[in-house]
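Chemist: Sequence:
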Amino acid sequence: MKTLRNILGIHFTLLILCSVIFTFIIWGIAQLFPSAAEGFPIVKDGKIIGYENVGQKFTMDKYFQGRPSASDYNAAATSASNMGPTNPDYLKAVKARIDTFLVHNPGVRVSDIPVDMVTTSGSGLDPHISPMGALIQVARISRVRHIPEEKLRALVDEYTEKPLLGLFGPERVNVLKINLALDKISKH
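Just so we're aligned: the sequence shown equals residues 1 to 188 in this note's numbering.
Since the hints were made in silico from the structure, they are not lab data.
It is possible that part of the hints are untrue.
[Unchecked claim] Using 16 angstroms as the maximum straight-line C-alpha spacing, the simulated EDC-like pairs for lysine to aspartate or glutamate come out as follows:
hint : residue 1 : residue 2
1    : K62       : D45
2    : K95       : D116
3    : K177      : E161
4    : K62       : E149
5    : K177      : E52
6    : K57       : D45
7    : K177      : E158
8    : K57       : D126
9    : K57       : D116
10   : K184      : D45
11   : K44       : D183
12   : K62       : E161
13   : K177      : D126
14   : K184      : E158
15   : K95       : D112
16   : K151      : D116
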């Protein structure tokens with residue numbers, strides 16, 4: 001009987017701790033950062049044009065292109081492909097992405113393409129690419145927009161976000177932010 005009482009005591013203590021107290025702690029933290037619940041919208045001319053933390057599809061050659069998405073950038077259906085690296089369908093999809101990348105970026109060798117430019121992220125909504133993923137697209141954008149490559153490389157450097165606290169995560173470039181900056185450069 002004593003063992004049953006101890007088990008029930010632990011059970012109800014953990015139930016209250018994990019389902020009630022934890023929920024209120026997370027709710028309280030969310031109240032401190034209310035803008036984060038909106039997904040960090042980016043507003044231009046009074047209209048939301050995208051979200052800082054959600055990837056978007058850029059297909060025109062005048063823009064930096066982001067990571068491929070298994071969910072076609074649908075935030076309501078985020079997902080990975082769930083295919084392993086030896087799955088024939090996965091290999092076929094990656095090969096097709098490599099071929100498409102090479103068509104839009106002539107002169108690039110297959111071995112130079114960063115992996116993030118031809119594979120999807122776990123969520124399918126990654127808004128970032130690696131600095132190498134951005135730099136490998138500079139020649140194409142320079143050719144299409146008639147902007148010197150040096151200026152575009154400087155833009156990539158400017159928009160490269162460092163790891164959190166200099167330690168956590170890789171360097172990355174937010175594709176939407178750099179494309180907005182690219183449009184500003186082109187207007188001037």
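Chemist: Now tell me if each hint is right for this structure.
Modeler: Hint check results:
no., hint, result
1, K62 - D45, "violated (21 angstroms)"
2, K95 - D116, "holds (13 angstroms)"
3, K177 - E161, "holds (11 angstroms)"
4, K62 - E149, "holds (13 angstroms)"
5, K177 - E52, "holds (7 angstroms)"
6, K57 - D45, "violated (21 angstroms)"
7, K177 - E158, "holds (11 angstroms)"
8, K57 - D126, "holds (11 angstroms)"
9, K57 - D116, "holds (14 angstroms)"
10, K184 - D45, "holds (14 angstroms)"
11, K44 - D183, "holds (12 angstroms)"
12, K62 - E161, "violated (22 angstroms)"
13, K177 - D126, "holds (13 angstroms)"
14, K184 - E158, "holds (14 angstroms)"
15, K95 - D112, "holds (14 angstroms)"
16, K151 - D116, "violated (23 angstroms)"
Checked against the numbered hints above, the structure breaks hints 1, 6, 12, 16 and satisfies the rest.
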